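Chemist: Respectively, the protein sequence lines represent chains A and B. Mapping the first sequence onto the working numbering, position 262 (from 1) lands on 262, and the numbers just tick up by one. For the working numbering, count along the second sequence from 1 and bump the result up by 485.
Hints should not be assumed to be uniformly reliable.
Said to hold, decoys possible - Derived EDC-like pairs (lysine to aspartate or glutamate); straight-line CA-CA distance at most 20 Å:
1) Lys376(A) with Glu752(B)
2) Lys328(A) with Glu517(B)
3) Lys564(B) with Asp371(A)
4) Lys343(A) with Glu752(B)
5) Lys328(A) with Asp930(B)
6) Lys328(A) with Glu582(B)
7) Lys343(A) with Asp755(B)
8) Lys375(A) with Glu582(B)
9) Lys945(B) with Asp920(B)
10) Lys375(A) with Asp755(B)
11) Lys343(A) with Asp570(B)
12) Lys854(B) with Glu881(B)
13) Lys265(A) with Glu303(A)
What the hints assert, rightly or not - Among the chain B residues that face chain A by a calculated CB cut under 10 Å, a handful are:
14) Pro524
15) Val525
16) Leu527
17) Met529
18) Pro530
19) Thr532
20) Val535
21) Phe567
22) Tyr575
23) Val628
24) Asp629
25) Leu630
26) Arg757
27) Gly797
28) Tyr801
What the hints assert, rightly or not - Stretches of chain A that chain B covers, calculated by requiring three or more beta carbons in the stretch to come under 8 Å of a beta carbon on chain B:
29) 287-296
30) 364-370
Source of the hints: derived by calculation from the structure; they are not laboratory data. Quantities reported herein were computed from a predicted structural model and do not represent experimental measurements. The beta-carbon is built from N, C-alpha and C at its ideal position, and this holds for glycine as well.
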Amino acid sequence: MDLTALTLHELTDKLRKKEVSSVELTNAFLKRISQVEDKVNAYVTISPDEALKAAKDADARLADGVNLTPLTGVPVSVKDIFCTKGVRTTCSSKILENFIPPFDATAVKKLKDAGAVILGKNNMDEFAMGSSTENSAFFPTKNPWALDRVPGGSSGGSAASVAAGECAASIGTDTGGSIRQPASCCGVVGMKPTYGRVSRYGMIAFASSLDQAGPITKDVLDAALMLTAIAGRDPLDATSIDSPVPDYAAGLKGGIKGLRAGIPKEYFIEGMDFEVSSAVSKAIETLKKLGAEIVPVTLPNTEYAVSVYYLVATAEASSNLARFDGVKYGLRQDGGNLIEMYKNTRDAGFGPEVKRRIMLGTYSLSAGYYDAYYKKASQVRTLIGRDFDAAFKKCDVIVTPTAPTAAFKIGEKTQDPLTMYLSDIFTISCNLAGIPGASIPCGFTKDMLPIGLQILGKRLDETTVLKTAFAYEEAAGWSKKRAQL
Amino acid sequence: MGFEPVIGLEVHAQLLTASKLFCGCPAKFGGEPNTQVCPVCLGMPGTLPVLNAKAVDYAVKMALAVGCKVNEKSVFARKNYFYPDLPKGYQISQYNEPLAVAGHLDIETTAGTKRIGITRIHMEEDAGKLLHDAAGGAGYSFVDLNRAGTPLIEIVTEPDIRSPDEAVAYLKSLREILVYLGICDGNMEEGSFRCDANVSVRPAGAEKFGTRAELKNINSFKFVKDAIAYEIERQIGVNENGGLVKQETRLFDSVKGVTVSMRSKEEAHDYRYFPEPDLPPLIVDAAHVEKLKTTLPELPQAKRERFVSNYGIPAYDAGVLTSSKDLAGYYEEAVKLGAEPKTASNWVMGTVLMLLNEKGIDVKDSPVKPPAVAKIIEMVKAGVVSSTAAKEVFAEMFSTGKAPEEIVKSKGLTQLSNETDIAAMIDAVIKANPDNLAKYKSGKDKLFGFFVGEVMKAAKGKANPAVVNRILKEKLSS
Ligand SMILES: [Zn+2]
Numbered sequence: 001m002d003l004t005a006l007t008l009h010e011l012t013d014k015l016r017k018k019e020v021s022s023v024e025l026t027n028a029f030l031k032r033i034s035q036v037e038d039k040v041n042a043y044v045t046i047s048p049d050e051a052l053k054a055a056k057d058a059d060a061r062l063a064d065g066v067n068l069t070p071l072t073g074v075p076v077s078v079k080d081i082f083c084t085k086g087v088r089t090t091c092s093s094k095i096l097e098n099f100i101p102p103f104d105a106t107a108v109k110k111l112k113d114a115g116a117v118i119l120g121k122n123n124m125d126e127f128a129m130g131s132s133t134e135n136s137a138f139f140p141t142k143n144p145w146a147l148d149r150v151p152g153g154s155s156g157g158s159a160a161s162v163a164a165g166e167c168a169a170s171i172g173t174d175t176g177g178s179i180r181q182p183a184s185c186c187g188v189v190g191m192k193p194t195y196g197r198v199s200r201y202g203m204i205a206f207a208s209s210l211d212q213a214g215p216i217t218k219d220v221l222d223a224a225l226m227l228t229a230i231a232g233r234d235p236l237d238a239t240s241i242d243s244p245v246p247d248y249a250a251g252l253k254g255g256i257k258g259l260r261a262g263i264p265k266e267y268f269i270e271g272m273d274f275e276v277s278s279a280v281s282k283a284i285e286t287l288k289k290l291g292a293e294i295v296p297v298t299l300p301n302t303e304y305a306v307s308v309y310y311l312v313a314t315a316e317a318s319s320n321l322a323r324f325d326g327v328k329y330g331l332r333q334d335g336g337n338l339i340e341m342y343k344n345t346r347d348a349g350f351g352p353e354v355k356r357r358i359m360l361g362t363y364s365l366s367a368g369y370y371d372a373y374y375k376k377a378s379q380v381r382t383l384i385g386r387d388f389d390a391a392f393k394k395c396d397v398i399v400t401p402t403a404p405t406a407a408f409k410i411g412e413k414t415q416d417p418l419t420m421y422l423s424d425i426f427t428i429s430c431n432l433a434g435i436p437g438a439s440i441p442c443g444f445t446k447d448m449l450p451i452g453l454q455i456l457g458k459r460l461d462e463t464t465v466l467k468t469a470f471a472y473e474e475a476a477g478w479s480k481k482r483a484q485l
Numbered sequence: 486m487g488f489e490p491v492i493g494l495e496v497h498a499q500l501l502t503a504s505k506l507f508c509g510c511p512a513k514f515g516g517e518p519n520t521q522v523c524p525v526c527l528g529m530p531g532t533l534p535v536l537n538a539k540a541v542d543y544a545v546k547m548a549l550a551v552g553c554k555v556n557e558k559s560v561f562a563r564k565n566y567f568y569p570d571l572p573k574g575y576q577i578s579q580y581n582e583p584l585a586v587a588g589h590l591d592i593e594t595t596a597g598t599k600r601i602g603i604t605r606i607h608m609e610e611d612a613g614k615l616l617h618d619a620a621g622g623a624g625y626s627f628v629d630l631n632r633a634g635t636p637l638i639e640i641v642t643e644p645d646i647r648s649p650d651e652a653v654a655y656l657k658s659l660r661e662i663l664v665y666l667g668i669c670d671g672n673m674e675e676g677s678f679r680c681d682a683n684v685s686v687r688p689a690g691a692e693k694f695g696t697r698a699e700l701k702n703i704n705s706f707k708f709v710k711d712a713i714a715y716e717i718e719r720q721i722g723v724n725e726n727g728g729l730v731k732q733e734t735r736l737f738d739s740v741k742g743v744t745v746s747m748r749s750k751e752e753a754h755d756y757r758y759f760p761e762p763d764l765p766p767l768i769v770d771a772a773h774v775e776k777l778k779t780t781l782p783e784l785p786q787a788k789r790e791r792f793v794s795n796y797g798i799p800a801y802d803a804g805v806l807t808s809s810k811d812l813a814g815y816y817e818e819a820v821k822l823g824a825e826p827k828t829a830s831n832w833v834m835g836t837v838l839m840l841l842n843e844k845g846i847d848v849k850d851s852p853v854k855p856p857a858v859a860k861i862i863e864m865v866k867a868g869v870v871s872s873t874a875a876k877e878v879f880a881e882m883f884s885t886g887k888a889p890e891e892i893v894k895s896k897g898l899t900q901l902s903n904e905t906d907i908a909a910m911i912d913a914v915i916k917a918n919p920d921n922l923a924k925y926k927s928g929k930d931k932l933f934g935f936f937v938g939e940v941m942k943a944a945k946g947k948a949n950p951a952v953v954n955r956i957l958k959e960k961l962s963s
């Protein structure tokens, strides 16, 4: 049996029944990585020594049978945006190519505390800026369903590693769709929790008011298990929410009879990709059959979401990335004086998309432009949040496509940043409003490219989002499909 | 045409919290470079600030002490600029929505009491320090981030100050309050109390402000006075020669006593302030403000007024005694133990301060405690010891820490006040000097001093002079 094709919870069962040890499992995944990584390029750094050491510890824990969690002994991967103590953390950028953090991100620490085995660090768009993982400073990641296509982004390495069986599950980050859109592209489950549900400590910031970590998994139960492990208030993150973490896995069952599923008309537009719209329509039919009430809702400010996002996110990014100046850590390119050193370092260290966003953000915060751009965008952001508040008075979840198209070809959009930005058109509003959202597989195109269904929920109501996703998954069965490599 | 200077001050005061503003590192001064640092204050990727609640309380106390309105909601903002001592590439400060606004401070000027408006008080983190061409690295600059992230409050005045002397009076008074509150050590050399001055001049009687220059690097009261005075003269000179004062930042050169242009308005940074997304708005509710209000100590001005009215000492004395909370407490303890207030004031301002200054000891570490001061005053009053001998006793107490009674005894300094004994001595002196007695009786009053001297000599200087005078006068005139 191919262990690497199994879900996290299936592996938990095997570990508990002692059918396999964590070391055996870790070796199986390391072997799988060595077999397919050349094709997929999902990892920036693979850390077999650390992984096997963690696996041995997990086996001891499993032998003792105390303090076990569903993650104990299970090999996972993490996006290379999370700081890992002693293991290089690059954010897929030249500027951090040799950066070894002296601390663990809180999400990573929680995975380790739960007994998970971390196999390595996933490739991503540099500083999480992109929708295709082509903006990695090192190499693009390939979509396991079609190697000439992108895996989505920015958490493309995480999604591809899960889809390719190079780990049991992964964690990514989502600023404007960076978990959900690659999950959609790679036919896996991705969840962006409520802003503040998972600590951002040690997660290299792109846009602080939007960034949120979450799981990327093979099915909904795995997502629930991973989220339960990483969520919670963190004294190191003042924006993390002080609210008890429910057992998300326990909340999955029970069906969705009577659930009100809102369909926002702004997300079903003329000229949408036909295969996507028909897959999503079928999914909505399935929800109806499962007993959900389908309710039309409206999110009138949706048309401004992309603009608002690219003002707010780039402004925050321009400030967040100022620390990469060659003075303290990371790349330094000397110069004749301080300013030259800064310029040389940042010129050599950042890729074109990162530079573009730093410039955009710097501009929108500049004296004389702040009111027209950053401030106005913040105001419209509030209106977008209110749209959701109003819609959620009429429904319990909102259902939309995750992305306007299935995975596009590598290189197809790299010359046209604006078209690339539109890949996130359906996912961005969720971040601006700070609400939870998941993407789950809802079918395939005729070329066997996965299509994703997005389910958005009320603030801190991950349970209903996951429950809806679980009910759909059970009925539709798409999550059982695996990419063939 | 006369010109009137218009001055506004911005003070940065470092708060005396144990840890930094946004991380757990110690905030103390000194230490080997980069030993009081952690991933947060080093600006490592992914790290986040967590606000130190103690620093907020300290800032609120200062706001209350100068009558500010404490905003229930204030917002941290990022001030963006590149410099190697600024690890994140931005300073976390407050901008549009500061912690507190609209306060004031009353200062004493030659023309009486004057109210200086305080525009705002906000919180921010300090930057690190650069060491240029340090040992072992000529041509290199080294970065020390021990200070990075230490908590500061910035206190900004209205443009209400009209002279260098008023500026200094304001700063001294402000510093005194900070120290009284125990929230800042007020050390200007170490940079825990720093001042920038905005200076402009306008034709006397004009309403419109002139163009201002911002003066930096003025790290003593004397430099504040010198820098502002120089700048006023410079700007008047520019005006009188038909020139225009430029808006710019100027650096004070304390060696030459001049200000020099550092950067023009055009070269000024665009700090691109925006709300700090890593910190939720700071909420200080009214109940908490009320609670902090009850913890405020008596402030210098109130204490001075109380000393004058309760103890009947001169305003000058009250000013000296309240110049530090510890000194005031020292004085007041002696008085409460029964020392006559003015006598105690003379002792504390005189002998006590002199000895402390000589030895460079802080009043709270004084080897002579207030009960001993009260005791010695009591002994002088009771005639046990003469006031001259008392000074000697005090010095001995200071160096040995012994009790005054013990010193008086061991040194044989007890004053002779027994009337019978003194009368006997006087009788002996009169008897031994019949000639002078005759001359005195015939009108040579000046010889009274001669008799006093002889009696004191016989008493080895220990006779109570008041008693000697009285009995001698009686005996000579009988
Ligand atoms: Zn620190």
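Chemist: Each hint needs a verdict: does it hold in this structure or not?
Modeler: Verification of the supplied hints:
no.: 1; hint: Lys376(A) with Glu752(B); result: violated (27 Å)
no.: 2; hint: Lys328(A) with Glu517(B); result: holds (17 Å)
no.: 3; hint: Lys564(B) with Asp371(A); result: holds (16 Å)
no.: 4; hint: Lys343(A) with Glu752(B); result: holds (18 Å)
no.: 5; hint: Lys328(A) with Asp930(B); result: violated (89 Å)
no.: 6; hint: Lys328(A) with Glu582(B); result: violated (32 Å)
no.: 7; hint: Lys343(A) with Asp755(B); result: holds (18 Å)
no.: 8; hint: Lys375(A) with Glu582(B); result: holds (15 Å)
no.: 9; hint: Lys945(B) with Asp920(B); result: violated (24 Å)
no.: 10; hint: Lys375(A) with Asp755(B); result: holds (16 Å)
no.: 11; hint: Lys343(A) with Asp570(B); result: holds (17 Å)
no.: 12; hint: Lys854(B) with Glu881(B); result: holds (13 Å)
no.: 13; hint: Lys265(A) with Glu303(A); result: holds (12 Å)
no.: 14; hint: Pro524; result: holds (5 Å)
no.: 15; hint: Val525; result: holds (8 Å)
no.: 16; hint: Leu527; result: holds (6 Å)
no.: 17; hint: Met529; result: holds (7 Å)
no.: 18; hint: Pro530; result: holds (4 Å)
no.: 19; hint: Thr532; result: holds (7 Å)
no.: 20; hint: Val535; result: holds (5 Å)
no.: 21; hint: Phe567; result: holds (6 Å)
no.: 22; hint: Tyr575; result: holds (5 Å)
no.: 23; hint: Val628; result: holds (7 Å)
no.: 24; hint: Asp629; result: violated (12 Å)
no.: 25; hint: Leu630; result: holds (8 Å)
no.: 26; hint: Arg757; result: holds (4 Å)
no.: 27; hint: Gly797; result: violated (54 Å)
no.: 28; hint: Tyr801; result: violated (50 Å)
no.: 29; hint: 287-296; result: violated (count 0)
no.: 30; hint: 364-370; result: holds (count 4)
Going down the numbered hints, you'll see the structure goes against 1, 5, 6, 9, 24, 27, 28, 29, while the others check out.
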